[in-house]
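Q: Residue numbers (our numbering), protein chains in the order written: chain A, 1 to 326; chain B, 1 to 325.
Derived by calculation from the structure, the hints in this document are not laboratory data. Worth double-checking, as some hints may not be accurate.
Stated by the list, open to error - Derived contacts from chain B toward chain A, CB cut-off under 8 Å, selection only:
| # | residue |
| --- | --- |
| 1 | Met111 |
| 2 | Ile262 |
| 3 | Pro265 |
| 4 | Arg271 |
To be verified - Derived contacts from chain A toward chain B, CB cut-off under 10 Å, selection only:
| # | residue |
| --- | --- |
| 5 | Asp222 |
| 6 | Ala224 |
| 7 | Glu276 |
| 8 | Pro278 |
| 9 | Ile280 |
Even for Gly, the Cβ is constructed at its ideal location relative to N, Cα and C.
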Amino acid sequence: MQELLLDIRGLRTQFFTDDGLARAVDGVSYSLEKGETVGVVGESGCGKSVTALSILRLIPDPPGKIVDGEIIFEGTDLLHLSSADMRRIRGNDISMIFQEPMTSLNPVFTIGNQITEAVRLHQGLNKRDALAKAVEALKLVGIPVPERRVHEYPHQLSGGMRQRAMIAMALSCNPKVLIADEPTTALDVTIEAQILDLMRTLQDELGTAIIMITHDLGVIADIARKVVVMYAGKVVEQAPVEQIFGSPNHPYTQGLLQSLPRVDKDASGAKQRLQEIPGIVPSLLNLPAGCKFASRCPSVMPQCHEQEPPLEPVAPNHYSACWLNH
Amino acid sequence: MAAETLLEVNNLKKYFPIKGGVFSQTIGYVYAVDDVSFTVDKGETLGLVGESGCGKSTTGRSILRLIEPTDGKIYFEGQDVTALDKNAMRSLRREMQIIFQDPYASLNPRMTVGSIVGEPLEIHKIARGSEKTERVASLLQKVGLRAEDMRKYPHEFSGGQRQRIGIARAIALNPKLIVCDEPVSALDVSIQAQVINLLEDLQEEFGLSYLFIAHNLNVVEHISDRVAVMYLGQIVELAPDTDLYNDPQHPYTEALLSAVPIPDPTVTKKRIILEGDVPSPIDPPSGCHFHTRCMYKEKICEEEAPEFKHIGSGHWVACHFRPKA
Ligand SMILES: Nc1ncnc2c1ncn2[C@@H]1O[C@H](COP(=O)(O)OP(=O)(O)OP(=O)(O)O)[C@@H](O)[C@H]1O
Ligand SMILES: Nc1ncnc2c1ncn2[C@@H]1O[C@H](COP(=O)(O)OP(=O)(O)OP(=O)(O)O)[C@@H](O)[C@H]1O
Ligand SMILES: [Mg+2]
Ligand SMILES: [Mg+2]
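With the hints as extra help, turn the sequences into a complete structure.
A: In structure tokens:
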């Protein structure tokens, strides 16, 4: 039995906008064990980042609010911590690599300043030790000549190096949980391969548990042990990676996998027309009753438009929210 | 069956001047496209892949002369595009269209979908009034939208739908060639397949040719008949798509293919992890541009640029050591 590290239970995060109430995260539950990598996939706007920001309590309020749920980290509900206690957790026990590196690296401070600030705050190191720690962190993520780079500003680094600097910053306090929100989406494939390789190595060495948010199922197949599939603010399927790809249960997951062109398959035989999922994602402001995927589902039944299917076990460790299983 | 060449690009170069100093003189150049040659046949899709900044968009835009090439020749149906004056170029644009990456930025937000799609018909005096309306309606239906959508504005549509609007506009004049510059990169996975299928259907119906630019190799391989791989302003390899995948010759192509994430956890690949970053096109490395990251590098690679040579069956490569002796 593995050790449970982070447990998100029934999380609901909403945005109160001029256009109405957006149920961005609507009853999401998933958990993370020590040293494990969980992959979170889903369409743009389905609530992947908002879930991650909720874990760190970084939801802008207003317009956002966590209205329900629990986020249990090592036995403590983070949603009940004081702001001061939460600050101690953030960047120390749980740290995050944000979707846009330029928004989270401060352009007016050197890379070194930004890393030393975190380690001084959390680990009480003096200036010199903190700088040494920063250089060490940059070296760990494979930045050449870290002694020099540590004094440079974010704009002086290439996209790939900036992403590494972000990882260095996120890892500088040896967090137990690393939340990586699309850490490689903006990067080229050869640089992406470097970063994924780096994350795997660091996980082996430091035992960090990782929540990997991405829309790229190729990245998920490569790095995750468990996969959470989200659709319109909900988890629709969750399973070990082999089962998600080998025997997907939810029609959305099935459709997603079939719609992907694959260089390895295409090249080996006659090309086939891609399977498409018709239609588009419903607006969060105006969600239909019942299953949110019903309007695009090839196996839709009358019941699907009326009642929302619960997330239920369909095999050991494999959960799916679909009325077809009844 | 001899294929008929539609587009021929010979030794295309585009250098962007870098201005600086008090009198804003030219202090250097961005060698964005540096001696690129290829052809596109009638009804064919040529894929163009490579890392960010390697010159894919610049190549695509130069062909339509949306930017003026620094040097080189472009022939469209045998006609020298680079020699055309403004008017002749405008009428040639009926035959060559472009679809952009960003479905949000590329459509005028203040125009209705009807005027966006109908505008080329008016500019080229092909249809007006009710005839134009009819043409627009049928174009919208062709790309999977509804005739009523004509009265709406771009912001009322999703990303995939906006890309369809861009496609409807691009096919309005029955072009022979469409440059597709990352047409699905900004779209969700579940929407990408819709747009790719649409492009394939239109190609079949109208015998269109595509220059399909993308950085996603899974997508490029799927849609292309042949693929050209670019690195730092140059094409390093060009081959029929299955040959390129099954028998990559250039070390860069090899690394690129090995790095493509395959959505299948049972496939374990031996990854070639390239060291370092892509060098700057302002000051490209001497000799073979790839030598700074190449695992097979030898002395000659630093000194001499390799020739882009034909190694048989339409397979071209620029490497001193390929094909293997
Ligand atoms: N500050 C905000 N104000 C209002 N709505 C918001 C805000 N932040 C997020 N949302 C809404 O919450 C929903 C979920 O957003 P989220 O960023 O979690 O999506 P995501 O799954 O991370 O998508 P992507 O793949 O595009 O990053 C979206 O519909 C978004 O519009
Ligand atoms: N108008 C311009 N002025 C100066 N430099 C430019 C201009 N347009 C492009 N460049 C430079 O030329 C090079 C090639 O750019 P290009 O946009 O063709 O790359 P790309 O392969 O399309 O990249 P991406 O995948 O990021 O779209 C880049 O270094 C870019 O910065
Ligand atoms: Mg996000
Ligand atoms: Mg481009």
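Q: Would you list, in rising numerical order, the hints stated earlier that this structure does not obey?
A: Structure breaks hint 1 only.
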